[in-house]
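These protein sequence lines map, in sequence, to chains A and B. In terms of this note's numbering, the first sequence has 115 at position 96, counting the first letter as 1, and numbering is strictly consecutive. In terms of this note's numbering, the second sequence has 63 at position 47, counting the first letter as 1, and numbering is strictly consecutive.
It cannot be assumed that every hint is accurate.
Unchecked claim - Pulled from the structure, derived: some chain A residues nowhere near chain B, Cβ distances all over 12 Å:
| hint | residue |
| --- | --- |
| 1 | N45 |
| 2 | Y83 |
| 3 | R87 |
| 4 | I96 |
| 5 | S101 |
| 6 | E120 |
Claimed, not checked - Derived coverage of chain B by chain A (criterion: at least 3 residues anywhere in the stretch with Cβ under 8 Å from a Cβ of chain A; other residues may be distant):
| hint | region |
| --- | --- |
| 7 | 70 to 77 |
| 8 | 105 to 111 |
It should be emphasised that the hints constitute simulated quantities derived from the structure, not laboratory data. It should be emphasised that the depicted structure is a prediction, and the values quoted were computed from it without experimental measurement. Glycine included, each C-beta is placed from N, C-alpha and C at the ideal position.
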Amino acid sequence: EAQVTQNPRYLITVTGKKLTVTCSQNMNHEYMSWYRQDPGLGLRQIYYSMNVEVTDKGDVPEGYKVSRKEKRNFPLILESPSPNQTSLYFCASSFADRITEAFFGQGTRLTVV
Amino acid sequence: DQQVKQNSPSLSVQEGRISILNCDYTNSMFDYFLWYKKYPAEGPTFLISISSIKDKNEDGRFTVFLNKSAKHLSLHIVPSQPGDSAVYFCAATGNQFYFGTGTSLTVIP
């Protein structure tokens, strides 16, 4: 089954404790991206990657890192999480020539206390 | 500053009637515009898109209209069904995606 898998689905952590949210897709998609969804702000793009070893900042990259060492994986790294990074995070993937038709993961709800 | 705006947070429509969801944008350089649908506890799912060189795209009950001079797009759902009840996000893209804040559609049986 074609899917984008995020882990974990829920996470509560403390300020400053490094964490990684994993994202994996099985559709051989070139394009992958991360979003955060906040009330009243909709979905905002954090980082995106057009292919392996190619990453670019989205609208709200501060406080986040990503890597794209393999085509299928695109982890989101919070080196020193802060409470303002409490949010619902989505990973998405698509073919590079059809990035409008993105498949989204189910989301990761992160709470930083 | 929000580059894509959905000014109506919610919309209620009777089953069988037309639902019209609206979206405005500020950047005339966007290549594509799209609509995503989101149910609670799930990720958004792609619904329909339109290229900036077109003014209409239709897929079954869903039609998207683009008015470039007004920097406005709309999604028409006809006839509306209770299963259409969800949050709808419009988005615009070049390489980067910009999403609106969403409109929660409720279709009343």
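Evaluation of the provided hints:
1. N45: A:N45 clear of chain B: closest Cβ-Cβ about 15 Å, beyond 12 Å.
2. Y83: 15 Å, holds
3. R87: 15 Å, holds
4. I96: 20 Å, holds
5. S101: Check passes; 23 Å lies beyond 12 Å.
6. E120: Violated: least Cβ distance 5 Å, not greater than 12 Å.
7. 70 to 77: violated (count 0)
8. 105 to 111: holds (count 4)
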